[in-house]
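Q: In order, the protein sequences belong to chains L and R.
In our numbering, each residue carries its 1-based index in the first sequence increased by 8.
In our numbering, each residue carries its 1-based index in the second sequence increased by 12.
Since the hints were derived computationally from the structure, they do not count as laboratory data.
Predicted model, so just to flag it, every value in this text is computed and none were measured.
Among the hints, a few may not be true.
Claimed, not checked - With a straight-line Cα cutoff of 27 Å, these simulated BS3-like cross-link-like pairs (lysine-lysine) come out: (1) R:114 to R:103; (2) L:186 to L:110; (3) L:219 to L:110; (4) R:99 to R:114; (5) R:42 to L:219; (6) L:219 to R:99.
Chain by chain, the residues run as shown.
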Amino acid sequence: MHGNLLLVLIVQIGLILALSRVMGWLFNRMQQPQVVGEMVAGIMLGPSLFAWLAPHAWTYIFRPDLIGSSGIHTDPTEYLSILSQIGVIFFLFLIGLELDPKLIRNRGHAAVVISHVSIIAPFLLGAALALLLFSEVFTRTPEMRFTSVALFMGAAMSITAFPVLARILTERNLHKTKVGAVTITCAAVDDVTAWCMLAFVVGIARVTGMKPAIQTAVLSVAYVVVMFLLVRPFLRRLEAVYERQGRLSQNVVAVIFLLILASAFTTEKIGIHALFGAFLMGAMMPKGTQFVRHLSEKLEDYTVVFLLPIFFAYTGLKTQIGLLNHAELWLITALVIGVACAGKFGGSTLAARACGLAWRESAAVGILMNTRGLMELVILNIGRELGVITDAVFAMMVIMALVTTALTTPILNWVYPQRMFGPELEAPPTPTAGVRRRYTVLIPVSDPSSGESLLDLADAVAGPNKDACEILALHLRPPVDREAYRSGLDDASQQVDPVLAPIQAKAKAHKIDVETISFVTRDVADDIAAVARLRQADLVLIGFHRPVFGRALLGGTVRRVLGEVPADVAIYVNRGSELPKRILVPYLGSTHDRLALQLAERLSRNASGIDITVLHVVPPHRDSAAQQLGAKTEVDRVFAEPTATAATPASAGAVGGTALATAAPPRTSVHMKVVEDPSPVDAVLREAASVDLVLIGVAEEWDLESQFFGFRPQRIALECPTSLLIVRKFARGLAAATTTTR
Amino acid sequence: MSRAYVVYFLMFAAFIGGMWFIITLGGAMKAPDDLSGDWKIAWYTAPPPELNAGSMRIEQSGRFFTVRFGDGKPIGMTLASGWRGAKDGRKLRMHLDGAAWKMDIAADIPLRETWHVPEASIALSGPYTASATATRIGAQTARSASSSPPAGVANAR
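Isolated chain L (complex conformation):
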């Protein structure tokens, strides 16, 4: 390869990767599947946008062979084409790998009917559409015979993007619902059927007589038989080698790669396209084992991050939206979209309804089945490569794929909103009259290492009386990159969440009653608030998360939790101490400070030997007796009339000097310390050096500041040498505001 050509390719691929990541991220932020962003990125790089806006720059980057002085005489997009085809071959192998035969075997009656109708209806409608469009947007070429066109249009209309659909299901936690189970089964069936259908359509389009057609059919059957009888047992042996070695050696990976390529080569030579070979090879692999998991991890990043964006870009380079330069062509595009939706959405919805699902659930199944995504682009590229569709039809169908995929999430949110399902988030039954509601502590955990300390603290706050308290451990998993093109069903269906596993182990060892909740989320703060609301949490105890960017101590998710959760919130900054014995509560009189006092009281009630110091800082040389009296009264009130079961008297000491001893519960000592200091923060930091935990309320003004939660607590949090619990009292007004904005 000429040196300059290599540079050109590097620049092209760099641009493609950068734009596709940015667009994927942007569309993800807009609650859209990442694939939609990457499809758009591909179109943006092609003649529809980049070449249209800056033709010279586009030519310079993508077609330097057209510039006489460039010294390049080969079209570099041909290399992109080859890379993209290799990418799709490996991607189809991954899709086959993901195929779970259990989904297809254990089908219920509803899934059988819906899956068949969801293929037959769009196929028939697509073929019928070919009748309308054949003399309008198709041309008379040897490849564009009506039979090929009708079969291709039918196949293209009946495709469902299994990975995108499964991804949407897992992200919305729909995969455990009836709708999710039915849809995922139908999509799996559609997936297998679609690639078999495609092989058939490609065979029809390529052969020109009865003899080659019979030859192709016989060879195809022979190929499938060989795959089942020879290749599948061989793959099981490879799995045994993997298990014996305990790792996936490069030799085993090389053998599998060779098998993928050989399978793709064979099907291409037979005449049913290389992609079918790659898909069938993936489908033949042993399922649900570590072997397959490791193999897919090895392949996935390179295929999905590097090769697939090239495929999108190549598709975009061939998508000329400018060819749709007549109003009539846009009307035809609308018709194509309408027929695609009518066949897939309409067919699936009616079939689901006929099987007894409610209208709303049936519509949800239809909407999900109407997702086409990347699979549609794969099939369209094959059609274009075969010459079965014109460039204008290709552009129309790409728009249809984009529209149907992009519409899925918003329409699903509208038709089947999250509040209508969510088995894990179901609110507990309303307590009957006379039965006291349990004090509920919710601990959202994102880092496995922080879970145990949060559990210890939650247990200390909740207390030993299991009838009066409950602890909920919550792990919200943001969708990981790897799942972008795969269902993520494996991970979603895991029985034990690895992040919650240490908590479960500790809870079992210490006989702590903990309920664990785990699901995939797009918005962690929002879902913490939702769980807190549904489970009527009294306290949300969350770990400290310093933002990667920005100087604020608490930002991002934690700040949003502070703002949105309809319950008291405590942020635990663990600086390594065990369960606290000496607690300092700086008290200035705010509602948040009062919550800090209450939590200190709860901690003292549930453990022995707790030493609590309530620190009240007053400005020097000022008559602050009234303030001191207020603080003392509050301390007395909290420790004399604790919020829950145990009522213990508190006795106040005398203000002045350093200490004023109060006797709280028999095993606890509570001291009120009043100091005069111009800087309350310095006074707190001084006292903090001799305690295990500082319990501090957020400043009253915390929500007015964009990133900070109050200057004083901010500085204390930064400089405090010991562990810290920053608390925010839930105000009812906040709840009302939160509820109305939802």
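Given the coordinates of chain L, assemble chain R onto it according to the supplied hints.
A: Okay, now just chain R, sitting in the frame of chain L:
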């Protein structure tokens, strides 16, 4: 046989029957002949100033054409009804309508099926009238033509 099996049988029968009906009906339909590709132009008359070029590129999707003379601006045109092509005999007759320009194309279809007419007469009318002979460059097909840079892309050669 249970009712479910009957429903399935009817569903698949309807599918097969529907496809047979569609393919049979579609077999009688005709799509416009393929004129897409690069053509060399020999003008009979003085060419219109803005279309004065020795080559022409046609991008075609059925009835919808985008014609570009040399590096000029692409002209969108639509095939008028009543056209005749290979399915109607050995004479190709097409009339293309555009916003400013109209083009009549006439060609003889070779005896041996090549799927492409090698040469055609074109008559332009609009702001100017002109006529020329267009000869297909190489044996380019629709596909190879579309792998060339799309309309609107700078050709800086």
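Q: Tell me if the straight-line CA distance from residue 186 of chain L to residue 110 of chain L falls inside 27 Å.
A: OK: residue 186 of chain L and residue 110 of chain L at ~17 Å, within 27 Å.
Q: Has the given pair, residue 219 of chain L with residue 110 of chain L, been kept, meaning a C-alpha gap of at most 27 Å?
A: Given that 27 Å is the threshold and the Cα spacing comes to 38 Å, the pair is violated.
Q: Do the alpha carbons of residue 99 of chain R and residue 114 of chain R lie within 27 Å of each other, as the hint requires?
A: holds, 24 Å
Q: Has the given pair, residue 42 of chain R with residue 219 of chain L, been kept, meaning a C-alpha gap of at most 27 Å?
A: Measuring from Cα to Cα gives roughly 26 Å; hence the hint holds.
Q: With the threshold set at 27 Å, check whether the alpha-carbon distance from residue 219 of chain L to residue 99 of chain R stays at or below it.
A: Holds - the C-alpha atoms of residue 99 of chain R and residue 219 of chain L are around 26 Å apart, at most 27 Å.
Q: Need the status of pair residue 114 of chain R, residue 103 of chain R: alpha-carbon distance at most 27 Å?
A: Holds: residue 114 of chain R and residue 103 of chain R sit about 20 Å apart, inside 27 Å.
Checked against the numbered hints given earlier, this structure breaks only hint 3.
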